[in-house]
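J.: Please model the entire structure based on the sequences and the hints provided.
There are 2 protein chains.
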Amino acid sequence: MPSYTAPVKDMQFLLHDVLKISEADIPGYGDLDQGFTAAVLEEAAEVASDILAPLNAVGDREGCVLENGFVRTPTGFKAAFDTMREGGWTALDAAPEYGGQGLPYLMHTAVNETFVSANMAFNMYQGLTHGACSAILVHGTDKQKQTWLPKMVSCEWTGTMNLTEPHCGTDLGIMRTKAEPQADGSYRITGQKIFISAGDHDMAENIVHLVLAKAPGGGEGTKGVSLFIVPKFLVNEDGSLGARNPVSVGKVEEKMGIHGNSTCVMNYDGATGWLLGDLHKGMKAMFTMMNEARLGVGLQGYAVAEAAYQNALAYAKDRLQGRAVTGVENPGGPADPLIVHPDIRRNLMEQKSFVEGARAFTFWGATLIDRHSRMHDEAADGLIGLLTPVLKGFLTDKGFDMSVQAQQVFGGHGYIEEWGMSQFARDARIAMIYEGANGVQALDLVGRKLATDGGKHVMAFFEMVKAEVKAPEGEARMAGFTEPLKAASKQLQQAGMFFMQNGMKNPNAALAGSYDFMHMMGHVCLGLMWTRMARAAYLALDAGAGDRSFYEAKIATGRFYMARQLPACGMHLARIETGADTVMALAAEAF
Amino acid sequence: MPSYTAPVKDMQFLLHDVLKISEADIPGYGDLDQGFTAAVLEEAAEVASDILAPLNAVGDREGCVLENGFVRTPTGFKAAFDTMREGGWTALDAAPEYGGQGLPYLMHTAVNETFVSANMAFNMYQGLTHGACSAILVHGTDKQKQTWLPKMVSCEWTGTMNLTEPHCGTDLGIMRTKAEPQADGSYRITGQKIFISAGDHDMAENIVHLVLAKAPGGGEGTKGVSLFIVPKFLVNEDGSLGARNPVSVGKVEEKMGIHGNSTCVMNYDGATGWLLGDLHKGMKAMFTMMNEARLGVGLQGYAVAEAAYQNALAYAKDRLQGRAVTGVENPGGPADPLIVHPDIRRNLMEQKSFVEGARAFTFWGATLIDRHSRMHDEAADGLIGLLTPVLKGFLTDKGFDMSVQAQQVFGGHGYIEEWGMSQFARDARIAMIYEGANGVQALDLVGRKLATDGGKHVMAFFEMVKAEVKAPEGEARMAGFTEPLKAASKQLQQAGMFFMQNGMKNPNAALAGSYDFMHMMGHVCLGLMWTRMARAAYLALDAGAGDRSFYEAKIATGRFYMARQLPACGMHLARIETGADTVMALAAEAF
Numbered sequence: 001m002p003s004y005t006a007p008v009k010d011m012q013f014l015l016h017d018v019l020k021i022s023e024a025d026i027p028g029y030g031d032l033d034q035g036f037t038a039a040v041l042e043e044a045a046e047v048a049s050d051i052l053a054p055l056n057a058v059g060d061r062e063g064c065v066l067e068n069g070f071v072r073t074p075t076g077f078k079a080a081f082d083t084m085r086e087g088g089w090t091a092l093d094a095a096p097e098y099g100g101q102g103l104p105y106l107m108h109t110a111v112n113e114t115f116v117s118a119n120m121a122f123n124m125y126q127g128l129t130h131g132a133c134s135a136i137l138v139h140g141t142d143k144q145k146q147t148w149l150p151k152m153v154s155c156e157w158t159g160t161m162n163l164t165e166p167h168c169g170t171d172l173g174i175m176r177t178k179a180e181p182q183a184d185g186s187y188r189i190t191g192q193k194i195f196i197s198a199g200d201h202d203m204a205e206n207i208v209h210l211v212l213a214k215a216p217g218g219g220e221g222t223k224g225v226s227l228f229i230v231p232k233f234l235v236n237e238d239g240s241l242g243a244r245n246p247v248s249v250g251k252v253e254e255k256m257g258i259h260g261n262s263t264c265v266m267n268y269d270g271a272t273g274w275l276l277g278d279l280h281k282g283m284k285a286m287f288t289m290m291n292e293a294r295l296g297v298g299l300q301g302y303a304v305a306e307a308a309y310q311n312a313l314a315y316a317k318d319r320l321q322g323r324a325v326t327g328v329e330n331p332g333g334p335a336d337p338l339i340v341h342p343d344i345r346r347n348l349m350e351q352k353s354f355v356e357g358a359r360a361f362t363f364w365g366a367t368l369i370d371r372h373s374r375m376h377d378e379a380a381d382g383l384i385g386l387l388t389p390v391l392k393g394f395l396t397d398k399g400f401d402m403s404v405q406a407q408q409v410f411g412g413h414g415y416i417e418e419w420g421m422s423q424f425a426r427d428a429r430i431a432m433i434y435e436g437a438n439g440v441q442a443l444d445l446v447g448r449k450l451a452t453d454g455g456k457h458v459m460a461f462f463e464m465v466k467a468e469v470k471a472p473e474g475e476a477r478m479a480g481f482t483e484p485l486k487a488a489s490k491q492l493q494q495a496g497m498f499f500m501q502n503g504m505k506n507p508n509a510a511l512a513g514s515y516d517f518m519h520m521m522g523h524v525c526l527g528l529m530w531t532r533m534a535r536a537a538y539l540a541l542d543a544g545a546g547d548r549s550f551y552e553a554k555i556a557t558g559r560f561y562m563a564r565q566l567p568a569c570g571m572h573l574a575r576i577e578t579g580a581d582t583v584m585a586l587a588a589e590a591f
Numbered sequence: 001m002p003s004y005t006a007p008v009k010d011m012q013f014l015l016h017d018v019l020k021i022s023e024a025d026i027p028g029y030g031d032l033d034q035g036f037t038a039a040v041l042e043e044a045a046e047v048a049s050d051i052l053a054p055l056n057a058v059g060d061r062e063g064c065v066l067e068n069g070f071v072r073t074p075t076g077f078k079a080a081f082d083t084m085r086e087g088g089w090t091a092l093d094a095a096p097e098y099g100g101q102g103l104p105y106l107m108h109t110a111v112n113e114t115f116v117s118a119n120m121a122f123n124m125y126q127g128l129t130h131g132a133c134s135a136i137l138v139h140g141t142d143k144q145k146q147t148w149l150p151k152m153v154s155c156e157w158t159g160t161m162n163l164t165e166p167h168c169g170t171d172l173g174i175m176r177t178k179a180e181p182q183a184d185g186s187y188r189i190t191g192q193k194i195f196i197s198a199g200d201h202d203m204a205e206n207i208v209h210l211v212l213a214k215a216p217g218g219g220e221g222t223k224g225v226s227l228f229i230v231p232k233f234l235v236n237e238d239g240s241l242g243a244r245n246p247v248s249v250g251k252v253e254e255k256m257g258i259h260g261n262s263t264c265v266m267n268y269d270g271a272t273g274w275l276l277g278d279l280h281k282g283m284k285a286m287f288t289m290m291n292e293a294r295l296g297v298g299l300q301g302y303a304v305a306e307a308a309y310q311n312a313l314a315y316a317k318d319r320l321q322g323r324a325v326t327g328v329e330n331p332g333g334p335a336d337p338l339i340v341h342p343d344i345r346r347n348l349m350e351q352k353s354f355v356e357g358a359r360a361f362t363f364w365g366a367t368l369i370d371r372h373s374r375m376h377d378e379a380a381d382g383l384i385g386l387l388t389p390v391l392k393g394f395l396t397d398k399g400f401d402m403s404v405q406a407q408q409v410f411g412g413h414g415y416i417e418e419w420g421m422s423q424f425a426r427d428a429r430i431a432m433i434y435e436g437a438n439g440v441q442a443l444d445l446v447g448r449k450l451a452t453d454g455g456k457h458v459m460a461f462f463e464m465v466k467a468e469v470k471a472p473e474g475e476a477r478m479a480g481f482t483e484p485l486k487a488a489s490k491q492l493q494q495a496g497m498f499f500m501q502n503g504m505k506n507p508n509a510a511l512a513g514s515y516d517f518m519h520m521m522g523h524v525c526l527g528l529m530w531t532r533m534a535r536a537a538y539l540a541l542d543a544g545a546g547d548r549s550f551y552e553a554k555i556a557t558g559r560f561y562m563a564r565q566l567p568a569c570g571m572h573l574a575r576i577e578t579g580a581d582t583v584m585a586l587a588a589e590a591f
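These protein sequences, in sequence, are chains A and B. My numbering applies: residue 1 is where the first sequence begins, and numbers increase by one. My numbering applies: residue 1 is where the second sequence begins, and numbers increase by one.
These are computed hints drawn from the structure, not numbers from a lab. Hints are not guaranteed to be accurate.
Which copy is meant is left open, so a pair is good if it fits within one copy or across any two.
Said to hold, decoys possible - Listed next, the in silico DSSO-like pairs over lysine-lysine satisfying Cα-Cα at most 30 Å (straight line):
| # | residue 1 | residue 2 |
| --- | --- | --- |
| 1 | Lys-178 | Lys-317 |
| 2 | Lys-223 | Lys-470 |
| 3 | Lys-223 | Lys-317 |
| 4 | Lys-456 | Lys-78 |
| 5 | Lys-505 | Lys-317 |
| 6 | Lys-20 | Lys-470 |
| 7 | Lys-317 | Lys-251 |
| 8 | Lys-284 | Lys-178 |
| 9 | Lys-456 | Lys-281 |
| 10 | Lys-251 | Lys-505 |
| 11 | Lys-466 | Lys-490 |
| 12 | Lys-505 | Lys-470 |
| 13 | Lys-281 | Lys-490 |
T.: Have a look at this one:
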């Protein structure tokens, strides 16, 4: 069975050496000193390794079962969920007035990574609740906040997002679920929603569904969509649970992975719901959940890859097979460990350099969110808006690829379920699909985000890269980072220029290159992160840091990423510059 | 449930327009006229669509079950296997003296593709038997051939390959299974073999295991390894079945995919076996099976992708979601079909151009095998030896990627098992692992095959590409093919040069780039195939072929591959030219 150890040291390096959070001007960051973050992360690490990780295979094997209309979660999930609740892990960054601990989103992100690595399917129950809380916090009335948030922050009640219907996922404008206004101000919700993660389960007293539906008078398409709070059990004035709302589970889906999470068909048969936010502005309210969810999904991408990598590395050190081509390295044994072989090492370095770069990217993204939510920094908000599709699309594509590569290290043992490597790949696969399939992320990036506010945010991004490449002048040891980053960033700008020059007369010329652009930008972001990490590592070494080999390994890992992974940018640019011609040449009927 | 239709027209195009088989000088090819191959392929297509494809999901769902020491295959498999046997499909290219139809390996390959696309797990039972027959045919004594081949050619008895042990897969030199010589000339085989595909099942009267084991006196490592025939039931002099041999199934593995095939732990407890081929030359005899198996696995890579693509295409035409950015295309419906969106089309074109290129590559490889086996063409043998790791490694990596991309077209519906797209991805995954994991293929290519016979074969390959790029002079319409092919081939040569210049003093400098080289060479091979296919399509159009849109689609699909996929070669070259430095920089303990 796979094991998992939270990478606390890597996280501390990011928080304190790279992001220097306790010196940051973001309210609340001043309290996050080395000792405090270490204490939180080490405690979270224990929960992850000792409680969540052992249930990962159990969840995969048993799955969720629909019995008499209710979903039963896998053995041990309920007790583990109680532990999470009791330890306050579900409420880390929630507002103190609703029972949260008020920590920055950054700390939630770091802790969340360890929980996702340990057990992605399990962590989704609280992850979706977190998103639903955010939507209620931003869009809810005072009364709604008081009714729902305290119980949801603690995860006594959990939340869901209900968007997809059988005939529509991306294109929510054609949804059919209806909301009819009632005399008491509530709505009657009728329709079917599918792919509802954590749609029902036995770990919470109540489940609070946030449901998109069409109320009368809103017009065609997404303009007619509103967001509603529809609980499994109605809540009485005194906060106690009342009648069962007519919302029921039609089916629990059989899936490729994340078996431990119940993916439900939800039937709303005149269920009572309450409008959340403005009428006919449901898409906006939903995006509050969605943007956060997309970052969370990007995190899933690399967090699962981290767990897979840890196990691949252990296997590569342990499994004896063949001899090093440069001379026997394990003369006492029948063969050398796999890790001596250059192609195994290439594989491991690709995993390691991706995961560490992705973590830096995600943590940095979390600081942008804190910067916006805690100090109303609109530039930070614009930047994270631009980066969100990259975080979601690139990190989940690569996270899956790396989980598959980790599986590959095991040879045939990676394919059988016994070793658990198949589960990482199967679980990671969903992250490329849900919360907007990655093609939709690419469309969002190229079709929308690049041009947002007149292209201000992407220009700010390029300025940031430029500054990183330059500063400080003349640092020759950084050339292995700054030069590839400069080249890749230039290629990315060239691609953006191609879109501008060609996209106006033929939007397809830009959109046909959107997926390549998303990946290219992902590489530039990770290149930027590695440049920052390498600089921080050099400074730590200059300052006589104790654990030299840790910092040297960071630099070596970064060098690998810059030398071996950034060349993908040239390929993506070449593809992009072929425009739409070959992509759109075939008529649909000629396929 | 997914459906499958054999691409008979595409196959006919390859056989007659591109490979021009009935004009070829290979013995037996003269009989393969358009009418004959169409008849065979259309009959195979029916078996594939009507009998095998409907059992694909059944096999995935039910799997193989070990009951009282015997393996039960999924519902319907036995009847389907009978149909395959009765139709002579298992014996298409087997020697007539053993009951085969004596057709070229090329015809076996084309028919095999349709069966694998329809049901990969099912087809493995006869696929492994095919490989075992080849080994017995080449290495067996007359008596062995007469005892085993007639029953195996007809698949009344099926075959297996027994190589892997719990502690060794790639490194067979450290195997522990023992063969002790007996007075009667037989051997007592004792040991445990794992991952034995089709190791036991209920569809054949007997199972003939070909088992690698160490007989006394052979020395250390693979030098001491010999190959043995070890049947499940001993065979009496009159050909009837005798006593049960002490070989038993220890376990049927739970796997990520190919659930319809029984992957067994086989225990040999003093089982009776007979030497096949020369004593202590087992590796050589095993490679007769292995090389053929590797081509068969490469075929699995693209054949599963073909099936996945067909279903993704149908879904993209059917599913209405969003509107074309260039203007509504389906004004009568609530939305346009997915296929109008440029990124969906990019995805589909990647699948289509890969599968068609891979099929051409594989069929061409099959002609090289026929050329060697039917006319002792050593150059053809050298070339297919060089190309085998590329066929296996590149086609299975890309075949898996494309199956994943096909799944992506379905969004959330791709992740639930109901639609069958998950199965394609899960099944395709094994092809990257078995018959030598793809890292081992890359090692074989760069560490061995490039230098075989003084590099003669790779030089011949480059000459072939050069000739294709040049001929016929001045054909401007081919520039979209010949120019990218020329550039990519030059990059491939440059990578080879880098290995020569650096690999002598540091073998790791070459091996660290082996995986990139394998992929680069794969792209050059598919580029070569597309150049040939485009030329053939233009010639057909010049000659006034009836179905112009078919040939025009070939050219358009090829243009996509050349423009959008060959740029990967530049990336691979850039990676290769960074050598081993960043790959090997970290000490194992610094990971």
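J.: Look at each hint and say if it fits the structure.
T.: Status of each hint after checking the structure:
Taking the closest pair of Cα atoms, Lys-178 and Lys-317 come within 30 Å of each other only across two copies (28 Å); inside a single copy the shortest separation is 57 Å, beyond that limit. Taking CA atoms no more than 30 Å apart as the test, Lys-223 paired with Lys-470 passes in neither setting, with 46 Å inside one copy and 59 Å between copies. Taking CA atoms no more than 30 Å apart as the test, Lys-223 paired with Lys-317 passes between copies only; the shortest distance there is 27 Å, against 57 Å inside one copy. Proximity of Lys-456 to Lys-78 under the C-alpha cut-off of 30 Å is found in neither arrangement, the shortest distances being 47 Å within a copy and 65 Å between copies.
Proximity of Lys-505 to Lys-317 under the C-alpha cut-off of 30 Å is restricted to the inter-copy arrangement: shortest distance 26 Å between copies versus 55 Å within a copy. Taking the closest pair of Cα atoms, Lys-20 and Lys-470 come within 30 Å of each other only inside a single copy of the chain (20 Å); across copies the shortest separation is 60 Å, beyond that limit. Taking the shortest Cα distances, Lys-317 and Lys-251 sit within 30 Å of each other only across copies (27 Å), while inside one copy they are farther apart (44 Å). Within a single copy, Lys-284 and Lys-178 get their C-alpha atoms as close as 18 Å, which meets the 30 Å cut-off; across copies the closest is 70 Å, which misses it.
Proximity of Lys-456 to Lys-281 under the C-alpha cut-off of 30 Å is restricted to the intra-copy arrangement: shortest distance 26 Å within a copy versus 69 Å between copies. In this assembly of identical chains, Lys-251 and Lys-505 lie within 30 Å of each other by CA distance neither inside one copy nor across copies; the values are 47 Å within and 63 Å between. Proximity of Lys-466 to Lys-490 under the C-alpha cut-off of 30 Å is restricted to the intra-copy arrangement: shortest distance 10 Å within a copy versus 34 Å between copies. Proximity of Lys-505 to Lys-470 under the C-alpha cut-off of 30 Å is found in neither arrangement, the shortest distances being 36 Å within a copy and 37 Å between copies.
In this homomeric assembly, Lys-281 and Lys-490 never come within 30 Å of each other (Cα to Cα): the closest approach is 39 Å inside a single copy and 57 Å across copies.
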